[in-house]
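Residue numbers (the numbering used here), protein chains in the order written: chain A, 16 to 363; chain B, 5 to 285.
Keep in mind the hints are simulated off the structure, nothing from the lab.
All figures in this text were calculated on a predicted structure; none of them were measured in a lab.
Note that the Cβ used here is the ideal one computed from N, Cα and C, for glycine as well.
Any given hint might turn out to be false.
[What the hints assert, rightly or not] Derived DEER-like restraints, expressed as beta-carbon distance ranges:
no.: 1; chain 1: B; residue 1: E40; chain 2: A; residue 2: T268; range: 25 to 33 Å
no.: 2; chain 1: B; residue 1: G209; chain 2: A; residue 2: E328; range: 26 to 34 Å
no.: 3; chain 1: A; residue 1: G266; chain 2: B; residue 2: T167; range: 39 to 47 Å
no.: 4; chain 1: A; residue 1: S63; chain 2: B; residue 2: A241; range: 53 to 61 Å
no.: 5; chain 1: B; residue 1: T167; chain 2: A; residue 2: E239; range: 50 to 58 Å
no.: 6; chain 1: A; residue 1: N313; chain 2: B; residue 2: T213; range: 28 to 36 Å
no.: 7; chain 1: A; residue 1: T268; chain 2: B; residue 2: A236; range: 50 to 58 Å
no.: 8; chain 1: B; residue 1: K150; chain 2: A; residue 2: D190; range: 34 to 42 Å
no.: 9; chain 1: B; residue 1: A236; chain 2: A; residue 2: L335; range: 25 to 33 Å
[Said to hold, decoys possible] The following residues of chain B were derived to be distant from chain A, with all beta-carbon distances above 12 Å:
no.: 10; residue: P22
no.: 11; residue: H65
no.: 12; residue: E100
no.: 13; residue: F117
no.: 14; residue: A126
no.: 15; residue: G160
no.: 16; residue: R180
no.: 17; residue: R217
no.: 18; residue: D218
no.: 19; residue: L232
no.: 20; residue: A267
no.: 21; residue: R284
[To be verified] Pulled from the structure, derived: some chain A residues nowhere near chain B, Cβ distances all over 10 Å:
no.: 22; residue: A91
no.: 23; residue: S94
no.: 24; residue: M151
no.: 25; residue: G310
no.: 26; residue: D349
no.: 27; residue: G353
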Amino acid sequence: MSSKLPKVTGRDMRGVMAYPPTPALPGADRVDAENTIDLAETERMIRSLIRDGVDAIATNGTLGEMHTLTLEEWKAYASCVAETARSEDPDFPVFVGATTLNTRDTVARMRFLADIGVTGTLLGRPMWGDMVAPIMERFYRDVAEAVPELAIVVYDNTAAFGGVIPRSVYRTLVDLPQVVAVKYAGGASVGFRYHNDMAHTGTGFPLMPIETDWFPAWEMYGEELVGMAWSSTTAMGPAPVLALRDALREGRTEDARWLTERLRWAHEPFIVGQDFFEFAKYNVPLEKIRVNAAGYMNVGKSRVPYTEDLLPEVHRTTTLEHVERYKQITAEIDERLGSASSRAAEKV
Amino acid sequence: MADTAGRVVGAFTASHSPGITAWPERAEPAKRAAVESAFADARSRIDALEPDAIVAVSVEHFTNFHLGNLPAFAVATSDSYLGPVTEEMGDFLNVEQRRYPGHSRLGRHLYGFALESEFDPALVEGGLEFDENFCVPFKHLDPESKYPLVPVIVNGVNPPWPTVRRCYDFGRMIRRAIEAQTEVQRVVVVGTGGLSHWVGLPESGRVNTEFDRDFIDRFESGDTDRLLSYTAEEIDAAGNGAHEIRTWLVAAGSVQVPFDVLAYEPVPEWLTGTAVAAART
Numbered sequence: 016m017s018s019k020l021p022k023v024t025g026r027d028m029r030g031v032m033a034y035p036p037t038p039a040l041p042g043a044d045r046v047d048a049e050n051t052i053d054l055a056e057t058e059r060m061i062r063s064l065i066r067d068g069v070d071a072i073a074t075n076g077t078l079g080e081m082h083t084l085t086l087e088e089w090k091a092y093a094s095c096v097a098e099t100a101r102s103e104d105p106d107f108p109v110f111v112g113a114t115t116l117n118t119r120d121t122v123a124r125m126r127f128l129a130d131i132g133v134t135g136t137l138l139g140r141p142m143w144g145d146m147v148a149p150i151m152e153r154f155y156r157d158v159a160e161a162v163p164e165l166a167i168v169v170y171d172n173t174a175a176f177g178g179v180i181p182r183s184v185y186r187t188l189v190d191l192p193q194v195v196a197v198k199y200a201g202g203a204s205v206g207f208r209y210h211n212d213m214a215h216t217g218t219g220f221p222l223m224p225i226e227t228d229w230f231p232a233w234e235m236y237g238e239e240l241v242g243m244a245w246s247s248t249t250a251m252g253p254a255p256v257l258a259l260r261d262a263l264r265e266g267r268t269e270d271a272r273w274l275t276e277r278l279r280w281a282h283e284p285f286i287v288g289q290d291f292f293e294f295a296k297y298n299v300p301l302e303k304i305r306v307n308a309a310g311y312m313n314v315g316k317s318r319v320p321y322t323e324d325l326l327p328e329v330h331r332t333t334t335l336e337h338v339e340r341y342k343q344i345t346a347e348i349d350e351r352l353g354s355a356s357s358r359a360a361e362k363v
Numbered sequence: 005m006a007d008t009a010g011r012v013v014g015a016f017t018a019s020h021s022p023g024i025t026a027w028p029e030r031a032e033p034a035k036r037a038a039v040e041s042a043f044a045d046a047r048s049r050i051d052a053l054e055p056d057a058i059v060a061v062s063v064e065h066f067t068n069f070h071l072g073n074l075p076a077f078a079v080a081t082s083d084s085y086l087g088p089v090t091e092e093m094g095d096f097l098n099v100e101q102r103r104y105p106g107h108s109r110l111g112r113h114l115y116g117f118a119l120e121s122e123f124d125p126a127l128v129e130g131g132l133e134f135d136e137n138f139c140v141p142f143k144h145l146d147p148e149s150k151y152p153l154v155p156v157i158v159n160g161v162n163p164p165w166p167t168v169r170r171c172y173d174f175g176r177m178i179r180r181a182i183e184a185q186t187e188v189q190r191v192v193v194v195g196t197g198g199l200s201h202w203v204g205l206p207e208s209g210r211v212n213t214e215f216d217r218d219f220i221d222r223f224e225s226g227d228t229d230r231l232l233s234y235t236a237e238e239i240d241a242a243g244n245g246a247h248e249i250r251t252w253l254v255a256a257g258s259v260q261v262p263f264d265v266l267a268y269e270p271v272p273e274w275l276t277g278t279a280v281a282a283a284r285t
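Can you make the complete structure from the sequences, with help from the hints?
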């Protein structure tokens with residue numbers, strides 16, 4: 016193996032990793048659409064998230080439409096994300112998706128990412144053939160060894176990849192210095208799995224919970240083990256999630272409890288917490304609807320074949336209820352705790 | 005081979021939180037002593053019953069099943085079961101990894117009998133692996149793994165769950181199944197899970213003693229109507245982990261007699277209302 020290693024390690028991963036959608040130009044939902052990336056909005060989005068205080072950004076998972084972009088679009092988007100982040104902060108951690116249907120395509124994409132200087136990749140696994148544990152171990156080992164300078168955030172998603180990462184695979188992942196975090200599969204099963212999975216990973220790298228599960232995980236395991244959470248909700252404006260991060264870091268337990276309760280309340284109408292597999296059918300359009308309605312960024316329509324027109328109306332309605340609740344708690348949090356920027360100013 | 009019918013000669017229930025074996029010292033000494041003494045009592049009683057097999061009823065913490073395929077009930081029919089599933093989990097639980105013996109013929113009989121009795125459990129012919137569900141209680145109840153197991157899994161971890169009455173009736177079916185065969189004469193049923201606890205939620209570490217004591221009162225009373233009157237919402241008040249009491253109801257159905265609770269201790273350090281009980285058989 017080459018002596019090259021990523022710029023970051025698992026122990027560096029602290030704070031909130033934002034998961035924004037991929038901005039789309041008008042007409043991006045058409046079958047004959049080309050060059051659909053809204054690069055101007057991409058640049059604005061990346062700058063806003065960094066300036067507003069998120070700690071890392073990951074693109075091109077499911078809601079980030081890894082599976083709907085052409086190769087040219089993916090390259091253009093990755094390059095824009097990388098350049099924008101670097102111009103804001105040369106050391107800002109960025110992870111760009113490189114999930115494909117096979118090892119060699121993923122390696123090629125990872126080499127592209129290494130060449131444009133991103134920190135790492137957000138990496139799911141090939142899903143066409145049943146990926147039992149030994150095959151999954153080989154996949155992650157092979158890609159890590161092929162592009163050793165690129166960090167890997169392992170992307171787990173029970174719907175996309177057909178199940179959770181088996182515990183034996185975690186044993187392999189902790190041996191790979193490229194693996195710096197796992198975007199832990201969310202949902203009601205998390206608590207029942209978490210401690211047993213963490214028995215394998217320990218302080219090697221965080222199993223990142225979603226922001227609404229972060230407080231209980233932090234309470235139980237502490238910052239050393241769960242110092243980082245993932246959050247697609249940050250694309251609706253990151254302030255509430257960053258307020259939770261700050262409360263956890265500063266040991267303000269009751270604030271963290273209250274913020275978690277408010278975040279959970281805001282998410283109640285959203286189908287993802289009620290029926291993850293139903294959510295998974297409409298993941299991209301639902302995420303784009305809530306992000307656009309929140310107004311923090313304009314990410315346009317979802318691309319074919321996962322377009323909004325096939326979305327059951329009830330899901331649109333409940334998603335918009337969720338957005339209204341999120342706006343409400345954003346105001347409540349600002350009133351009670353002050354904005355993230357004002358809290359930062361107080362510390363200065 | 006004896007030609008008399010098999011019998012359920014005893015039934016026991018117990019909590020199974022990882023802290024019981026992994027960090028017992030964090031509990032108040034008196035609480036730890038009470039729980040461990042109750043486990044020892046139950047172990048002695050099981051040994052005295054000289055079982056030929058144990059039907060072990062527990063939940064499954066997504067070690068084998070996940071949301072894409074989550075049976076309400078499952079019956080396993082292997083000759084042996086690996087537990088804890090990895091050495092790392094063994095270190096975490098403080099349970100030495102081993103192969104637990106299985107009673108495959110009794111498992112197959114139970115599965116077939118269930119189908120004939122209008123239950124439709126999942127069949128797990130091989131590969132079921134244990135987490136704390138069985139490894140924690142059996143470290144106390146059968147530390148040498150002397151008794152072959154027939155593992156039965158009940159969904160007590162993710163909604164929608166089987167109703168409490170369905171769980172009790174599943175236990176009644178287990179009893180009939182045991183009595184419908186002659187090969188395995190003496191069978192003990194062990195149900196494990198609960199009582200109140202919250203897993204992965206902000207309430208983790210709370211114990212709902214009111215719920216727990218009321219449940220124990222119902223469990224000891226032998227009043228089936230009271231025991232089976234719980235709604236899912238009422239159980240939810242004691243945490244997402246409290247739904248594991250369904251395993252106790254399966255055990256209760258298998259004997260249909262009141263139980264004596266040998267110990268109950270609210271142990272926030274183990275994140276669980278912790279209890280051990282034995283049927284008055």
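What are the numbers of the hints the structure violates, in ascending order? The structure breaks hints 2, 4, 5, 6, 7, 10, 11 and 15; every other hint is satisfied.
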